[in-house]
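Sequence lines, in order, name chains U and S.
599 is the number of the first residue of the first sequence in our numbering; add one for each residue after it.
36 is the number of the first residue of the second sequence in our numbering; add one for each residue after it.
Hints are computed from structural coordinates only; laboratory data are not their basis.
Honestly, I wouldn't trust all of these hints.
[Said to hold, decoys possible] Here chain S is said to cover these stretches of chain U; the calculated rule only asks that three of the stretch's residues, wherever they fall, bring their Cβ under 8 Å from a Cβ of chain S:
#, segment
1, 626 to 637
2, 647 to 658
3, 663 to 669
[As the list claims (entries may be wrong)] Derived DSS-like pairs: lysine-lysine, alpha-carbon spacing no greater than 25 Å straight-line:
#, chain 1, residue 1, chain 2, residue 2
4, U, K638, S, K106
5, S, K200, U, K638
6, S, K180, U, K639
7, U, K639, S, K223
8, S, K106, S, K388
9, U, K638, S, K95
10, S, K223, S, K95
11, S, K106, S, K180
12, U, K638, S, K168
Idealized CB from N, CA, C, for every residue including glycine.
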Amino acid sequence: MKVVNIYKRLVTLSLVCSAVGLSGCTSLGVEPWERDLLAKKEMALTSAPIDASLDDHIYFSKEATSGGRSFGGGGCGCN
Amino acid sequence: MQLKVNKTNLKAMLTTASCALLGSTANASTEESWQFDTAIMHYAEVDRVSATEAIIAGTKTFNNDEVLNLKVTIDALTGASPNGATAQPTPQTFTRPSGNGQYTVNAGDTPLDDTFHDTRVQLTGQWTQPLLKDYIVSVGGNFSKEYDYMSASLNGNVARDFNKKNTTLSAGMSFAYDVIEPEGGIPKPLSAMVVGDADDPNFEDDFNKTRIGSDESKSTIDLLFGVTQVINRQMIVQLNYSYSTVSGYMTDPFKIISSVNHNGEAQAYLYENRPDERTKHAFFGQTKYHFDSGILDASYRFMTDNWQIDSHTFDFRYLIPFTNGHFIEPHFRMYTQSAAEFYQPFIAQDEAKPNFVSADYRIGELDTYTVGLKYGMPMGDGNNLSFRLEYYHQTPKSNGIQAIGVLKEVELYEEVDAIIAQVTYSF
């Protein structure tokens with residue numbers, strides 16, 4: 599349980615840090631003409647959606663966690 | 036050349052099929068704007084389940100940036116799955132979930148039910164479009180059907196760009212409704228599996244006494260809130276929080292738990308029972324970083340729920356491009372979860388039966404890892420071919436419950452090895 603509590607605190611801490619970080623978002627980012635690398639297909643957050651959906655299906659049926667990146671949902675009676 | 040003609044024909048055929056679905060006619064401009072991704076994946080566990088899954092997904096981008104995604108998935112599952120009972124130093128006989136016949140497991144072996152055989156068809160559609168200035172909305176649906184299971188869901192998302200599109204906030208909601216109708220019906224929770232002479236005229240009556248109905252359902256509501264931030268020319272970050280609440284039947288009607296005497300010998304097999312409410316919170320963070328030599332994709336997910344399961348997932352991919360357009364992408368994933376509060380590997384016969392109990396190792400303490408490699412190459416005309424090969428390993432662990440008697444001599448937490456092989460072609 600102790601380990602779990604430490605993890606929970608770490609997650610809370612990282613979320614607070616992220617929120618603080620995001621309030622300074624206006625200083626982050628690029629100008630439209632600086633998007634050459636970000637515009638690459640491989641730089642999309644989900645650059646291989648087919649792989650992602652196949653993986654989601656495998657891990658959904660083999661582990662107790664689903665979703666996070668997108669909706670966890672239902673979907674199959676897989677064993 | 037013959038190959039090229041066939042490819043063109045295939046694309047034309049799929050375009051016509053898609054247009055027929057949409058009630059529009061194919062013409063030169065629509066033909067050019069469809070993009071298809073196809074994949075076939077084989078998942079095989081050593082001595083257990085194997086599944087083959089085929090996907091065809093079409094994406095059409097319209098002139099005003101509206102995007103339509105349609106996807107068909109077909110998968111076939113076959114093989115053996117653990118039934119939840121513990122191994123024993125003697126052979127064990129179990130009644131099949133359908134009530135039709137029995138199967139025997141050798142001494143020392145983890146009991147596997149080898150009757151799994153199912154085919155699933157899934158249809159997915161998603162419509163995404165810009166709305167007003169800086170907003171993107173998306174709505175979609177999903178329907179999946181297999182022999183004993185049906186799932187339908189609807190989702191909606193809205194995203195707003197800020198700060199020259201460097202910051203995006205998004206919110207989404209999904210509702211899913213699932214129905215399970217197992218052959219042989221829904222077992223009465225914690226009732227004992229009837230294991231006797233299947234040819235006895237009373238066997239069917241006795242089996243039916245352990246059934247409480249033919250089907251059960253559950254509904255799931257998911258909420259997803261996200262922020263995406265461009266950090267600099269090379270780096271983008273995403274943070275998501277998701278809330279999921281499931282209400283209804285979450286018991287696995289095919290799973291049992293061994294009820295053992297003081298010497299660990301199985302005296303009965305009880306059908307498991309899980310709570311009918313589950314609330315999950317998940318925090319997901321991902322970054323992509325464009326190095327000179329390649330692209331790093333790293334993500335972390337923390338999930339906690341009211342079944343007392345906490346999990347951590349780490350995922351790393353590194354895409355290394357070559358000058359000829361080919362690439363390789365090594366992948367490493369690590370996952371660890373704590374056990375649900377009602378997980379037990381077995382029940383002691385002389386103890387009071389708990390309200391909720393499951394011996395399903397997938398909600399027990401579990402560590403897994405995946406290592407894999409993807410290799411991709413361009414095929415001309417913007418088409419791409421890729422191969423993916425991965426190794427998945429599961430290490431179920433004790434949640435602190437001590438083995439007793441003969442259970443000390445058998446493997447209660449058998450490790451699982453699986454291979455994932457996939458071919459993807461985009462055109």
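* Give me the numbers of the hints this structure contradicts, sorted from smallest to largest. => Hints 6, 7, 8, 10 are the ones this structure does not satisfy, whereas the remaining hints hold.
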